[in-house]
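Asks: Assemble chains B, C and D onto chain A, guided by the hints.
4 protein chains.
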Amino acid sequence: MIRFGVIGAGRIGKVHSKTIALNSKAKLSYIADAMPAAAEALAAQYGAKVASVDEIMKAKDVDAVLIGSPTGFHAEQIQAASNNGKSIMCEKPVSLSVELIEQTLKVVEKNKSTLMIGFNRRFDPNFGELEQRIRKGVIGDVELVTVISRDPNPPPADYVKGSGGLFRDMMIHDLDMARFLMGEEFVVVHALGSALVDKAIGVAGDVDTAAVQMQTASGRIAVITNSRRATYGYDQRMEVHGSKGMLSARNVHNTTVEVHNAEGTKADPIQNFFLERYGAAYAHELNTFIAAVESGDRNPKPSGFDGLQAQKLADAATVSWQTGKPVKVA
Amino acid sequence: MIRFGVIGAGRIGKVHSKTIALNSKAKLSYIADAMPAAAEALAAQYGAKVASVDEIMKAKDVDAVLIGSPTGFHAEQIQAASNNGKSIMCEKPVSLSVELIEQTLKVVEKNKSTLMIGFNRRFDPNFGELEQRIRKGVIGDVELVTVISRDPNPPPADYVKGSGGLFRDMMIHDLDMARFLMGEEFVVVHALGSALVDKAIGVAGDVDTAAVQMQTASGRIAVITNSRRATYGYDQRMEVHGSKGMLSARNVHNTTVEVHNAEGTKADPIQNFFLERYGAAYAHELNTFIAAVESGDRNPKPSGFDGLQAQKLADAATVSWQTGKPVKVA
Amino acid sequence: MIRFGVIGAGRIGKVHSKTIALNSKAKLSYIADAMPAAAEALAAQYGAKVASVDEIMKAKDVDAVLIGSPTGFHAEQIQAASNNGKSIMCEKPVSLSVELIEQTLKVVEKNKSTLMIGFNRRFDPNFGELEQRIRKGVIGDVELVTVISRDPNPPPADYVKGSGGLFRDMMIHDLDMARFLMGEEFVVVHALGSALVDKAIGVAGDVDTAAVQMQTASGRIAVITNSRRATYGYDQRMEVHGSKGMLSARNVHNTTVEVHNAEGTKADPIQNFFLERYGAAYAHELNTFIAAVESGDRNPKPSGFDGLQAQKLADAATVSWQTGKPVKVA
Amino acid sequence: MIRFGVIGAGRIGKVHSKTIALNSKAKLSYIADAMPAAAEALAAQYGAKVASVDEIMKAKDVDAVLIGSPTGFHAEQIQAASNNGKSIMCEKPVSLSVELIEQTLKVVEKNKSTLMIGFNRRFDPNFGELEQRIRKGVIGDVELVTVISRDPNPPPADYVKGSGGLFRDMMIHDLDMARFLMGEEFVVVHALGSALVDKAIGVAGDVDTAAVQMQTASGRIAVITNSRRATYGYDQRMEVHGSKGMLSARNVHNTTVEVHNAEGTKADPIQNFFLERYGAAYAHELNTFIAAVESGDRNPKPSGFDGLQAQKLADAATVSWQTGKPVKVA
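Residue numbers (my numbering), protein chains in the order written: chain A, 142 to 471; chain B, 142 to 471; chain C, 142 to 471; chain D, 142 to 471.
Chain A with its partners taken away, still in its complex shape (with noise of 0.2 Å):
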């Protein structure tokens, strides 16, 4: 049994609250978050206690912190907990200075913490399966990537300002599942993007839709497009070109039920909403965090390396598309 303290009640911090409270192997003890309204909310919920961010670093009956706060406090909370001897399962991203990411993986690597980060995409189980049969030779050697991912709705044009902008709060999930496709690191990364969907998005400095194309030493290519905006749904694809075949994973529609009549067949909208969609990911992730805490391996994945490279990813595309430039990653 893995006790667990979660910092932040806010959307994400009631996921994992749930997943937690749901599964046999987890308990919720503490909750804390800077409103204690929302804090003791979560709490009641579930049977947890109020704590503060520093009581849980120093609770001596919590094993593992689960940290879901604004991006900002990220890197100071994972180490916080590092040196505190607590296993951590950190949302995405780290942070949004690559130094301190690194300065951050230094102290998680000094105190040997079991550190995981929140991609929680790569354990849906379409495609994680997907990226098994890859690891598995179904399609020979990976050649082109191709990651489609798109939100039902734009975030206010207030959010977008302190985001990072769509490359580094959006589409750094796609350059997680890109790298973890593709089994090899992207080297050099161009970008292109545009306010078409909310101008205002445009006026607060960044897009709303966009392209990112990268290529790895050997010539391997990944291509992401993204928007903020997609009428049918939460749109979220995946298909990987091999020597030997194609693999790709589908959108998942609400029901099976389809509708056939003069014009024409219409099946279900997509899932809409990413607790639904991905809903058995989180489930999966938190599953994985607790089997590397109970086993002691300290790099479960996606790992604090792959934070960080994600995060060199999202950087590069950000210059990339501001200058105008392909932009080439260490």
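Any given hint might turn out to be false.
Since the list gives no way to pick one copy over another, a pair counts as held whenever it fits inside one copy or between any two copies.
[Unchecked claim] With a straight-line Cα cutoff of 35 Å, these simulated DSBU-like cross-link-like pairs (lysine-lysine) come out: (1) K253 <-> K466; (2) K385 <-> K155; (3) K469 <-> K201; (4) K453 <-> K466; (5) K302 <-> K385; (6) K385 <-> K168; (7) K190 <-> K466; (8) K199 <-> K466; (9) K168 <-> K469; (10) K466 <-> K166; (11) K168 <-> K340; (12) K201 <-> K302; (13) K407 <-> K442; (14) K253 <-> K166.
Note that these hints are calculated values from the structure, not bench results.
Replies: Below, chains B, C and D without anything else, positioned relative to chain A:
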């Protein structure tokens, strides 16, 4: 080069005339029709001559007669063509009278004529491929055959009066397909039917919605459902369940275009017209007939015997519907 | 909070116990089973107590009895629970004796007890949605219902001897679904069956492959096909043809991953196990029962009457198969 | 009746000759080829005469010249045909030299000749329908165009040397489709490429795997991926994301047959050969050209300007790949 005389310049005669005209191994020599204007128009379109039925039967420059006249004339025209040494391709059904079919097949047998019956669906590339895979053993032993066949729109009630009824006029195609796919004769037939689409069809003594289930001596089962109206198009599907798997053939959509929006994912309507849906089948059917004539194969499939068996099943289904009891088939 | 006593710690008792344990509005209080070890193991798993059937019936801290015992006990246990003022959820079938069901429903009626029968498939999100769209008029008048239901593997021949036979043991689910989708009672039933999968099932006096067609007083038709073995998984499909269109619900694949290579495009197998396929249905079924108990609705669907009608149809199908004749249903 | 002179009796010349021969509004009068035997064989097949290029240009009984010669001859032959008052249908690309295309278009303009360029994919029924729905506003404003195009097998490395490279030889079709679907010119192109399929292609100075992303002045984005080898067939897909929805067109499978067994559900391979996949497109392309000639429309689409723009994009992509930098297009 096989020289054809076509009897009948109606809907199906036009289909066959065009198919013959486009076939490099066939020549459309003569067309006969009780309505001279119809024969003349069709002959003019393809550079053929108009002739009487009798003239076609006796013409030295006719190798094969294609019979697309009203059902009531089929048997006597087959016999006449056979007695004049012609090869014969005849539209289904051979006759509404099983006795007359049997008598006709004796003439054909005596003359050693080549005769093929126009069950065009066997030549559809999808259904043909499905049947070939059954015979290759892809699904092991056939256990359960499902045939779904629905027309876009009901015929006028006037038409059904002279048609022999749904089981003989429409379902006969599906009865033939069930035999074709099953590969074993049926020994018992039970039918249900209603006039749900158009009450006038019921008043005319026929049904527009029907189901038949049949069993072979070894216990295998086939299920057919028919409707005279499908708002979503010309519904033509087959499914065969066997000891090692299942084979299915879906409908054909107009294009592969799909629209995705908040209402769902909408594929195109399915092909709605029999000429479009079975265009390739008619061409392949003619090629099969020509190959049989050229090679001297007197029993190309679907044979006269196939026409006889389908008619027996259609009669049995009709009686079963009328009496509410299962009917045995010899 | 509804406090449950569960009778039966076998396969289906385990399913319901888990579903109750995971439901925040339900409490799993007692478990009874003729084999004490089975009851104890299940009780220990969910923190419930072991009790005799009689103790559960009389316990003051039991609001509802969930009956998952062997079929032969269902009727008397429903009556006992009803006479003791409990709400009742009972697995299908109520009894293999129509007479005993009728007598039991009279007791339930007299006591004004809440009774629901466990036809879980009505609660499947796909089939439930399909039925709701029929009721909303999406396809106009229902004309033709097709239910396809095939189990992955046949049961041992020993099992079928005491099961009442395929029509009462397996097809009863599909007979209920046909009633559910049609919305009108069937008045005539015709069945065909064979032992094609396992000859020992035939020797035991049962079939493993079957087809039923039924008609309502207004002429509407339903067709059901069953097999006790489908190499491709647990095949569960429905299709409803109406005057304004068709509704269908397809199988559920394990994942959305597809492999594309020279052999073709291969989708995952379909879900193969009833617990996986109908997991959501069991949860939704329990919620419906709890809502009925809480609101005092004595006739949640599927009701005792639904259980009675399905049994009548299963009996009729059995007799039809045995006699080779259609059987009328009152 | 439009009388055609066909220049080139190679692979594409054969395609067009057959299409002309089957078209009731066209007559295949002359065929020219540098290899007399090839011209003679093709002419004999369709009852045409062999002639020199010069004879075709000057023949009074030729209305239209169809140019299917090697790329290096296209520009001069267009000019000659234009100067002789012929209508012209020319295979893509017009020329590998943008300058020469511009000079050629001036000649065509001066002579007021009808010229159409053979980007056959615009005439595919699926892609054509997709484009028409965009123009009807089905998905609102176009924001993101995705073109996936992969050949079944790579050409010999020898071939690529004289081909102008993948971007000019293969991707030019996709660059044209991206323009066709987008409806706005692209202003910047970034390309990535590698020789992953066949190292000899890399040694020959070309790539076999490539990605291009392009942006319009208003910020819209198109993404193209190419591979010279797809084990699963001739992969030809389009997807257009707009403000009100998405339109997609899938691949075409050989048949609709599916096999279901323990391995999953397997659909047929997709059509593997360009003649089969685009057979209908070639026929529709010719009809469009004939209609333009008959009506005196001098600028049927795809026009000479479309040929020019596609070549500019192909050049830009080639330079981008060579330099690793985005390239602006005028």
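Asks: All hints, please: hold or fail.
Replies: Results of checking the hints against the structure:
no.: 1; hint: K253 <-> K466; in the structure: neither (39 Å within a copy, 43 Å between copies)
no.: 2; hint: K385 <-> K155; in the structure: between (43 Å within a copy, 32 Å between copies)
no.: 3; hint: K469 <-> K201; in the structure: neither (45 Å within a copy, 62 Å between copies)
no.: 4; hint: K453 <-> K466; in the structure: both (16 Å within a copy, 20 Å between copies)
no.: 5; hint: K302 <-> K385; in the structure: between (44 Å within a copy, 26 Å between copies)
no.: 6; hint: K385 <-> K168; in the structure: neither (45 Å within a copy, 45 Å between copies)
no.: 7; hint: K190 <-> K466; in the structure: neither (51 Å within a copy, 56 Å between copies)
no.: 8; hint: K199 <-> K466; in the structure: neither (47 Å within a copy, 52 Å between copies)
no.: 9; hint: K168 <-> K469; in the structure: neither (44 Å within a copy, 58 Å between copies)
no.: 10; hint: K466 <-> K166; in the structure: neither (49 Å within a copy, 52 Å between copies)
no.: 11; hint: K168 <-> K340; in the structure: neither (45 Å within a copy, 53 Å between copies)
no.: 12; hint: K201 <-> K302; in the structure: neither (39 Å within a copy, 60 Å between copies)
no.: 13; hint: K407 <-> K442; in the structure: between (39 Å within a copy, 29 Å between copies)
no.: 14; hint: K253 <-> K166; in the structure: within (23 Å within a copy, 43 Å between copies)
Consistency note: the structure conflicts with the earlier hints numbered 1, 3, 6, 7, 8, 9, 10, 11 and 12.
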